[in-house]
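Visitor: So the chains spell out like this:
Protein chains: 2
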Amino acid sequence: MPDLDFIFNPKSVAIVGVSSVTDSLTNRNFLKPLLDCGYQGKIYPVNPHMAEIMGLRVYRSVLEIPEPVDSVVSGLPASLVPKLMRECAEAKVKAVTCFSAGFSETGEAEGTELEREVVDIARRGGVRLLGPNCLGVHNPAIGCTFEAGGSRRGGHVGFLSQSGGNTRELILAGAPRGICFSKAVSYGNAAGLDETDFLDYFARDPDTRVVAAYIEGIKRPQGFTRALRAIARDKPVVILKGGRTEAGTRAVMSHTSSLAGSERVWDALCRQTGARQVTDMAELADAVLTFSYLKPPRGRRAAVVGIGGGASVQAADDCEKAGLLVPPFPPELRRELRAFTTSAGTGIANPVDTSPDVYWEPALYRETAKLVSEYDGIDVVLVMFAAVQAAKRGVQELKRQIEAVIDAGRSMSKPLAVIVFTAGMVEAEKMASEVQVQCLEAGFPVYPTMGRAARAINHIVSYSERRKL
Amino acid sequence: MPDLDFIFNPKSVAIVGVSSVTDSLTNRNFLKPLLDCGYQGKIYPVNPHMAEIMGLRVYRSVLEIPEPVDSVVSGLPASLVPKLMRECAEAKVKAVTCFSAGFSETGEAEGTELEREVVDIARRGGVRLLGPNCLGVHNPAIGCTFEAGGSRRGGHVGFLSQSGGNTRELILAGAPRGICFSKAVSYGNAAGLDETDFLDYFARDPDTRVVAAYIEGIKRPQGFTRALRAIARDKPVVILKGGRTEAGTRAVMSHTSSLAGSERVWDALCRQTGARQVTDMAELADAVLTFSYLKPPRGRRAAVVGIGGGASVQAADDCEKAGLLVPPFPPELRRELRAFTTSAGTGIANPVDTSPDVYWEPALYRETAKLVSEYDGIDVVLVMFAAVQAAKRGVQELKRQIEAVIDAGRSMSKPLAVIVFTAGMVEAEKMASEVQVQCLEAGFPVYPTMGRAARAINHIVSYSERRKL
Chain V
47 MPDLDFIFNP
57 KSVAIVGVSS
67 VTDSLTNRNF
77 LKPLLDCGYQ
87 GKIYPVNPHM
97 AEIMGLRVYR
107 SVLEIPEPVD
117 SVVSGLPASL
127 VPKLMRECAE
137 AKVKAVTCFS
147 AGFSETGEAE
157 GTELEREVVD
167 IARRGGVRLL
177 GPNCLGVHNP
187 AIGCTFEAGG
197 SRRGGHVGFL
207 SQSGGNTREL
217 ILAGAPRGIC
227 FSKAVSYGNA
237 AGLDETDFLD
247 YFARDPDTRV
257 VAAYIEGIKR
267 PQGFTRALRA
277 IARDKPVVIL
287 KGGRTEAGTR
297 AVMSHTSSLA
307 GSERVWDALC
317 RQTGARQVTD
327 MAELADAVLT
337 FSYLKPPRGR
347 RAAVVGIGGG
357 ASVQAADDCE
367 KAGLLVPPFP
377 PELRRELRAF
387 TTSAGTGIAN
397 PVDTSPDVYW
407 EPALYRETAK
417 LVSEYDGIDV
427 VLVMFAAVQA
437 AKRGVQELKR
447 QIEAVIDAGR
457 SMSKPLAVIV
467 FTAGMVEAEK
477 MASEVQVQCL
487 EAGFPVYPTM
497 GRAARAINHI
507 VSYSERRKL
Chain L
47 MPDLDFIFNP
57 KSVAIVGVSS
67 VTDSLTNRNF
77 LKPLLDCGYQ
87 GKIYPVNPHM
97 AEIMGLRVYR
107 SVLEIPEPVD
117 SVVSGLPASL
127 VPKLMRECAE
137 AKVKAVTCFS
147 AGFSETGEAE
157 GTELEREVVD
167 IARRGGVRLL
177 GPNCLGVHNP
187 AIGCTFEAGG
197 SRRGGHVGFL
207 SQSGGNTREL
217 ILAGAPRGIC
227 FSKAVSYGNA
237 AGLDETDFLD
247 YFARDPDTRV
257 VAAYIEGIKR
267 PQGFTRALRA
277 IARDKPVVIL
287 KGGRTEAGTR
297 AVMSHTSSLA
307 GSERVWDALC
317 RQTGARQVTD
327 MAELADAVLT
337 FSYLKPPRGR
347 RAAVVGIGGG
357 ASVQAADDCE
367 KAGLLVPPFP
377 PELRRELRAF
387 TTSAGTGIAN
397 PVDTSPDVYW
407 EPALYRETAK
417 LVSEYDGIDV
427 VLVMFAAVQA
437 AKRGVQELKR
447 QIEAVIDAGR
457 SMSKPLAVIV
467 FTAGMVEAEK
477 MASEVQVQCL
487 EAGFPVYPTM
497 GRAARAINHI
507 VSYSERRKL
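So the protein lines, in turn, are chains V and L.
Going by the numbering used here, the first sequence opens with residue 47, and the numbers climb by one from there.
Going by the numbering used here, the second sequence opens with residue 47, and the numbers climb by one from there.
A portion of the hints provided could be inaccurate.
One copy or two, it doesn't matter: identical chains are merged, so the pair holds either way.
Claimed, not checked - Keeping only pairs whose Cα atoms sit at most 27 Å apart, straight-line, the calculated DSS-like set for lysine-lysine is: (1) Lys438 <-> Lys476; (2) Lys438 <-> Lys78; (3) Lys476 <-> Lys445; (4) Lys341 <-> Lys265.
In short, the hints are calculated from the structure, not lab data.
This one's a predicted model, so the numbers in the text were calculated from it and none came from an experiment.
Start from the sequences and build out the full structure, keeping to the hints where you can.
Guide: In structure tokens form, the structure reads like this:
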């Protein structure tokens with residue numbers, strides 16, 4: 047197992063192919079983010095025709111840089127990469143992140159041959175290759191990144207991804223949800239370092255406690271199975287497999303030229319190793335959020351609290367379809383709830399479909415959440431808010447109610463998850479994003495729909511069940 | 047089959063139980079929306095202890111109203127409804143919408159008995175009963191509604207729903223998406239008029255071209271099957287069945303005291319009649335949108351255009367999982383696309399994963415959409431935008447690109463659907479809602495994810511296929 051710390055924690059980065067066109071892809075994806083995020087290592091821009099860029103000296107070539115370089119990023123056209131790789135070998139560069147595309151993913155003989163050549167030069171020269179056709183490393187704790195728009199706090203999620211776009215999406219969309227990374231890596235065609243290397247790295251990385259992966263193909267099936275089995279014993283692993291259909295498999299070929307493998311084999315692999323498989327990036331984000339924030343429930347029995355008859359029926363259906371249980375409450379608990387919940391137009395049997403005067407009164411809604419959490423026939427409490435309705439009351443009233451539920455959550459022994467449903471309406475989305483901050487500060491995860499919450503909680507419960515075996 | 051026009055197009059509405067507390071539920075749900083939406087009929091507020099409300103004379107009882115009343119809304123406590131119903135019978139009121147809850151849905155003998163009494167009085171007195179435990183009728187064309195926040199334009203969607211919350215949600219969340227109603231009705235416990243009556247009404251209503259339903263239970267199975275079979279032959283019907291699991295079935299009991307019936311029987315009913323079954327309100331809205339806006343595709347072969355390798359793989363997987371096909375493009379078409387699409391880091395085999403310089407150049411992105419639409423091996427064109435990426439460019443550039451695609455859509459013979467993906471980020475949601483307006487004005491539906499678009503399009507294709515049989 048190689049020590050990849052120089053890749054994830056480089057002390058210096060050279061960016062080859064910076065441009066006098068300020069907004070060029072290479073400037074925008076690599077140089078600017080390092081500067082914006084206050085990268086703590088040294089930055090060496092490289093371009094034979096420039097002297098300075100953004101206040102930094104520009105070097106004519108990698109060979110001209112006077113100090114050792116941990117990591118080189120290539121923004122050059124594919125045809126120039128072999129020459130660069132030879133120079134990197136000569137300069138004893140430890141790793142090259144090849145952002146350049148135009149290799150095997152083109153499906154053309156020329157690109158495939160070029161990729162083979164680059165891999166060969168790198169191997170003989172002792173240079174580790176990331177990519178080609180990738181964005182490389184995101185390590186927010188040291189400001190080493192290709193995406194300045196995410197959270198700058200270091201966290202505990204390790205993400206390995208064959209898609210740069212998916213990596214960027216999880217960084218950007220994860221930030222407001224409280225998803226923070228130990229390290230993320232976009233590794234494209236995986237011609238050099240591959241998914242097995244990254245799983246091994248994350249297994250040993252003490253900062254990484256939850257592992258997520260977007261994988262299109264497996265380079266070394268035996269090694270991967272071994273690595274997945276090993277890491278999944280210690281850390282939850284969430285995997286999105288790209289290319290699960292015929293058309294998806296073809297798309298994988300033109301994206302990273304990976305061999306997608308059959309869906310059935312993949313399902314079996316996840317079942318055997320205990321990795322949790324998801325079907326899209328939203329579910330991946332939900333699962334990562336859950337493993338990061340939710341205290342693991344002892345079982346799959348949920349208490350559901352909210353308002354609205356249709357919403358309660360849907361919540362119950364969503365929970366059970368996702369593999370959770372929504373057991374009926376016993377008579378004593380129903381009596382306690384009924385003491386302050388009118389019987390007209392409400393339900394208290396689980397789900398609790400409460401009345402407006404309870405839903406909008408902090409003491410009563412808090413009491414509802416607290417009472418159901420104390421029933422020993424349930425393992426997790428799910429409280430729903432509908433920002434659609436709240437829009438008529440205003441965000442302040444919603445915040446007050448959220449605060450009441452957070453207050454209940456702090457004193458309960460069961461895990462609490464909050465659902466803020468917006469039906470996709472812009473005004474409601476704004477309110478939801480405000481109250482999400484409240485919940486995250488208190489350590490409670492927020493989901494946009496009950497269905498997504500239930501699927502995510504099923505992942506953590508299933509993971510825990512397997513560990514107990 | 048009763049003529050229910052006096053329910054959906056009442057010439058006068060009496061609201062019993064208006065309150066001096068301005069923001070009371072009855073005032074807010076009924077009186078205020080009628081005033082806000084400029085209801086064209088007469089409004090008679092009723093309360094024995096008030097003289098005037100919001101500039102209208104208040105009557106002491108229904109019996110005091112000097113003219114005939116089509117529709118009475120009851121906001122009274124359940125125990126007072128029998129007396130009201132007797133007065134309505136005496137005053138020859140045609141229909142009563144019973145907003146009041148506290149009947150059979152309480153699961154208590156008292157409420158069940160009260161409901162039986164009210165039904166009995168109504169039947170003997172020749173008064174049609176809507177509810178109890180419901181919001182009643184939404185007819186935007188005449189301003190008769192319980193929800194002023196939706197679109198005020200009359201449209202072609204008829205919605206029957208046992209949940210008031212779900213009705214409100216489709217009205218509110220549907221408005222920015224361009225979903226407009228001929229009529230919607232929330233009918234709660236269905237103790238009087240039921241789903242069969244409404245299906246029959248929508249079958250004959252010329253304004254209704256698409257029918258949507260949220261149903262928790264069937265009162266008259268034989269009549270319902272007959273009505274569903276009849277209407278589904280002429281108009282697309284989209285059904286969300288509440289209570290498809292054990293917990294959902296129990297929730298249905300405390301919501302509308304309906305007998306949910308087994309999921310298997312329900313699936314078979316939809317298969318036999320050609321009704322399209324959906325699993326949540328989001329899918330219901332997507333399907334209704336599609337039946338309202340998308341020119342029916344001749345088949346299920348989709349051309350997919352967008353940017354991003356991971357996104358393209360996901361799009362292909364989503365389409366095929368939903369039942370669409372994403373056939374590979376022939377060599378001639380690939381050559382045409384390749385003429386202006388660099389081979390590095392792109393795909394042109396379907397999905398098209400284009401390069402940034404095509405994606406952000408109106409003429410080239412328009413040409414891409416146009417070229418793929420002309421291939422006779424595809425039936426529908428799906429163009430993806432990611433507002434997450436666009437957030438870095440700004441909304442103006444995104445709008446320009448959308449305009450280019452709309453332009454291509456106008457001249458193509460195949461239907462076009464637009465996907466604007468936001469990953470749930472607030473800034474991106476704002477941009478998406480702006481460009482949604484553009485697309486709708488041009489008549490093209492917008493979906494938030496490829497998965498949702500594909501499932502919705504599968505509904506319209508499957509519906510068309512069945513009609514051809």
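Visitor: It remains to establish, for every hint, whether it holds in the given structure.
Guide: Hints, verified against the model:
no. : hint              : result
1   : Lys438 <-> Lys476 : both (13 Å within a copy, 19 Å between copies)
2   : Lys438 <-> Lys78  : between (43 Å within a copy, 13 Å between copies)
3   : Lys476 <-> Lys445 : both (12 Å within a copy, 22 Å between copies)
4   : Lys341 <-> Lys265 : neither (35 Å within a copy, 44 Å between copies)
Checked against the numbered hints above, the structure breaks only hint 4 and satisfies the rest.
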